[in-house]
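Protein chains: 2
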Amino acid sequence: MSEVEKYYISYNNVHKLCQKTAKEILARNERPDIIIGISGGGLIPARIIRSFLKVKGEKNIPIQAIGLSLYESMGSTGGGEEAIGKEVVRTQWLDFGALKEHFDSLIGKRVLIVDEVDDTRTTLHYAVTELEKEVQHQQKMLNRLDEPTIFSVFVIHNKDKPKKVDLPREMLESGRYLAAETVPDEWLVYPWDAEDIDEHTRLAKLQGHD
Amino acid sequence: MSEVEKYYISYNNVHKLCQKTAKEILARNERPDIIIGISGGGLIPARIIRSFLKVKGEKNIPIQAIGLSLYESMGSTGGGEEAIGKEVVRTQWLDFGALKEHFDSLIGKRVLIVDEVDDTRTTLHYAVTELEKEVQHQQKMLNRLDEPTIFSVFVIHNKDKPKKVDLPREMLESGRYLAAETVPDEWLVYPWDAEDIDEHTRLAKLQGHD
Chain A
1 MSEVEKYYIS YNNVHKLCQK TAKEILARNE RPDIIIGISG GGLIPARIIR
51 SFLKVKGEKN IPIQAIGLSL YESMGSTGGG EEAIGKEVVR TQWLDFGALK
101 EHFDSLIGKR VLIVDEVDDT RTTLHYAVTE LEKEVQHQQK MLNRLDEPTI
151 FSVFVIHNKD KPKKVDLPRE MLESGRYLAA ETVPDEWLVY PWDAEDIDEH
201 TRLAKLQGHD
Chain B
1 MSEVEKYYIS YNNVHKLCQK TAKEILARNE RPDIIIGISG GGLIPARIIR
51 SFLKVKGEKN IPIQAIGLSL YESMGSTGGG EEAIGKEVVR TQWLDFGALK
101 EHFDSLIGKR VLIVDEVDDT RTTLHYAVTE LEKEVQHQQK MLNRLDEPTI
151 FSVFVIHNKD KPKKVDLPRE MLESGRYLAA ETVPDEWLVY PWDAEDIDEH
201 TRLAKLQGHD
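Chains as they are written, first to last, in the numbering used here: chain A, 1 to 210; chain B, 1 to 210.
Where hints are given, some of them may not hold.
No distinction is drawn between identical chains; accordingly, a pair holds when it is met within one copy or between any pair of copies.
[Said to hold, decoys possible] Within a straight-line C-alpha distance of at most 27 Å, the following computed DSS-like cross-link-like pairs (lysine-lysine) qualify:
id : residue 1 : residue 2
1  : K23       : K54
2  : K140      : K16
3  : K205      : K20
4  : K6        : K16
5  : K56       : K6
6  : K6        : K59
7  : K163      : K59
8  : K164      : K59
9  : K205      : K16
10 : K163      : K205
11 : K140      : K6
12 : K6        : K20
13 : K54       : K6
14 : K164      : K6
15 : K161      : K6
16 : K140      : K59
17 : K163      : K20
In case anyone wonders, no lab produced these hints; they're calculated from the structure. Because the structure is a prediction, the values reported are computed rather than measured.
Given these sequences and hints, build the entire structure.
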């Protein structure tokens, strides 16, 4: 049976995991000023978690999407994300161009970076490193070095496996790396890829992921 | 009972409506080169419909997010989207900066613009108008006037009501305005806003929106 090797996740399960993590963030008084969803996988959890980070009467937390894809850098075609020689390619980046009045940069903000899964950690590492670099550069340019910018990461699932690269030690140790669930290194089947969503949901329920 | 006035929509229902529309697009041989999700509401349907527009063996269709919000322009606080004096504010715009090798602009592309609901049509009108303007400007600058760019719109729900503004007649008449469902002018409750997703899903099932 190939079914047992796959870990089916329903939409409602994703929803509840986002909701749970939002509660933890609010309990720690760490509501973000901005959510950065890593496209494609981070778009859905980014939008869902926003609902539960919102405080009634206040504006929605803005979402910015950044597009990051892992590409083969050596022309091989097979393999999962684990394959040697993957590199991150940016397909979209931050744009505050139209919003300058309200939001000029990430400087001094609480920033929540969202993706669906932390597999080899390559994409998250790239996102955090590049965003930190950009903020530090802007801080120097604008002489605003005294405004600390605080990055957190939220993923629905962290795969329990050795990572190829790491995240800043300070982020990990201060609890600003938030994985709603840590799961074995299995094949995670997210609902947005399901050809038959009713059957997918049935299997997710059977496995207790609903 | 206030429940009967609300139209509950499950995630699985959203999924099926995206899937259905993707099949229609593929049957017409109109697979987009790029999907533009209007943030926040369009992010989830944009990611879902991408799954079903993908052709096996080919790369994922790139998603770009644009952020558009309707703000009160006259300082009033109450009212729904119908309130007089709403204006569209851009919170994020296209960025091909990092992807220039593969994708320099929208010129000559099939572009699918995605949002969750067409209520007063204000946001969609803004998106289509501004994107068309931008492409025309780029075409002139680059002397590439002979490459037609084809915009389509996909929404999960179109509310059956008078619209404040319209979309290009040619888009509407050629079937490039795709609403998975046309619904009465009721209060649509999307799953990503649900405090209790199990109860929400139960109500959606009762109403046949699952």
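These are the hints, each one checked on the structure:
1. K23 / K54: So K23 and K54 pass the 27 Å test inside one copy only (11 Å; across, 35 Å).
2. K140 / K16: Neither, since 40 Å and 49 Å both go past 27 Å.
3. K205 / K20: Classified as both: same-chain Cα gap 19 Å, cross-chain 24 Å, threshold 27 Å.
4. K6 / K16: both (20 Å within a copy, 22 Å between copies)
5. K56 / K6: Only across copies: K56 and K6 sit 20 Å apart there, 39 Å inside one copy, limit 27 Å.
6. K6 / K59: between (39 Å within a copy, 23 Å between copies)
7. K163 / K59: between (37 Å within a copy, 25 Å between copies)
8. K164 / K59: Result: close only across copies, 24 Å inter versus 38 Å intra.
9. K205 / K16: both (14 Å within a copy, 19 Å between copies)
10. K163 / K205: neither (29 Å within a copy, 41 Å between copies)
11. K140 / K6: Answer is neither; intra-copy 48 Å and inter-copy 51 Å both fail.
12. K6 / K20: Classified as both: same-chain Cα gap 24 Å, cross-chain 26 Å, threshold 27 Å.
13. K54 / K6: Result: close only across copies, 22 Å inter versus 34 Å intra.
14. K164 / K6: Answer is within: at 23 Å inside a copy they meet the 27 Å cutoff, but 48 Å across does not.
15. K161 / K6: This pair counts as within: shortest intra-copy Cα distance 17 Å, inter-copy 45 Å.
16. K140 / K59: Neither: 30 Å inside a chain and 39 Å across chains, both beyond 27 Å.
17. K163 / K20: within (25 Å within a copy, 38 Å between copies)
Consistency with the previously given hints fails for numbers 2, 10, 11, 16, ordered from lowest to highest.
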